[in-house]
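Student: The primary structure of each chain is shown beneath.
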Amino acid sequence: DAKTTQPNSMESNEEEPVHLPCNHSTISGTDYIHWYRQLPSQGPEYVIHGLTSNVNNRMASLAIAEDRKSSTLILHRATLRDAAVYYCIPMYSGGGADGLTFGKGTHLIIQP
Amino acid sequence: ETGVTQSPTHLIKTRGQQVTLRCSSQSGHNTVSWYQQALGQGPQFIFQYYREEENGRGNFPPRFSGLQFPNYSSELNVNALELDDSALYLCASSSTTLDRDTQYFGPGTRLTVL
Chain A
1 DAKTTQPNSM ESNEEEPVHL PCNHSTISGT DYIHWYRQLP SQGPEYVIHG
51 LTSNVNNRMA SLAIAEDRKS STLILHRATL RDAAVYYCIP MYSGGGADGL
101 TFGKGTHLII QP
Chain F
1 ETGVTQSPTH LIKTRGQQVT LRCSSQSGHN TVSWYQQALG QGPQFIFQYY
51 REEENGRGNF PPRFSGLQFP NYSSELNVNA LELDDSALYL CASSSTTLDR
101 DTQYFGPGTR LTVL
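Residue numbers (this note's numbering), protein chains in the order written: chain A, 1 to 112; chain F, 1 to 114.
Bear in mind the hints are in silico, worked out from the structure with no lab data behind them.
Be a bit skeptical, because a hint or two may be false.
Unchecked claim - Quick look at which bits of chain F chain A covers, simulated, 3 or more residues with Cβ under 8 Å:
no., region
1, 24-36
2, 53-63
3, 93-105
The beta carbon of each residue, even a glycine, is placed where N, CA and C say it ideally should be.
With the sequences and hints as input, model every part of the structure.
Tutor: Right under this line is the structure:
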């Protein structure tokens with residue numbers, strides 16, 4: 001499994017953009033980069049995933065470096081509800097039988 | 001569309017006892033994975049079930065076992081409970097046909113072993 005490095009915690013203000021970085025320098029060429037988040041007292045929730053190109057959905061954007069050794073999850077306008085632990089998880093397509101490998105993630109704090 | 005549900009919400013057991021946790025997968029999903037999350041840590045993969053058979057397993061001893069039923073619901077059984085088994089147990093369902101790499105998690109069962 002590719003090793004990931006994420007900041008332990010980050011703080012941002014409500015209604016401002018948030019950029020959550022993840023280093024995955026040992027990522028395989030076939031690994032997708034998945035992001036999940038876990039709100040307090042809840043199970044993890046899928047956010048977004050991508051392979052090479054930048055990806056957008058209604059929750060967030062994912063910017064992937066050209067060499068794929070790092071990626072950044074972008075929350076365009078943070079709300080208090082976005083306060084959660086964010087996990088960056090490389091995984092090859094169809095690799096669900098090996099399970100998701102969660103690290104410690106980044107604890108995102110949103111200030112009102 | 002019903003999401004992933006788990007029961008019970010909380011459970012207290014004594015060391016040495018056995019426990020069964022239950023999970024109903026999201027409608028249309030045929031695969032169930034189980035995770036253990038200790039306090040302050042990320043979830044750790046226990047195993048996955050597909051077509052009523054164990055399809056993949058993490059680094060957990062055999063006293064952690066499971067079942068999947070024809071309706072795709074699942075059970076996690078833990079025998080000979082140890083104090084370190086105290087954790088949040090998460091179930092996640094997914095589909096092998098639609099969006100197969102995305103897992104949808106339930107709220108978890110909080111197990112306390114005394």
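Student: Need the list of violated hint numbers for this structure, in ascending order.
Tutor: Checked against the structure, no hint fails, so every one of them is satisfied.
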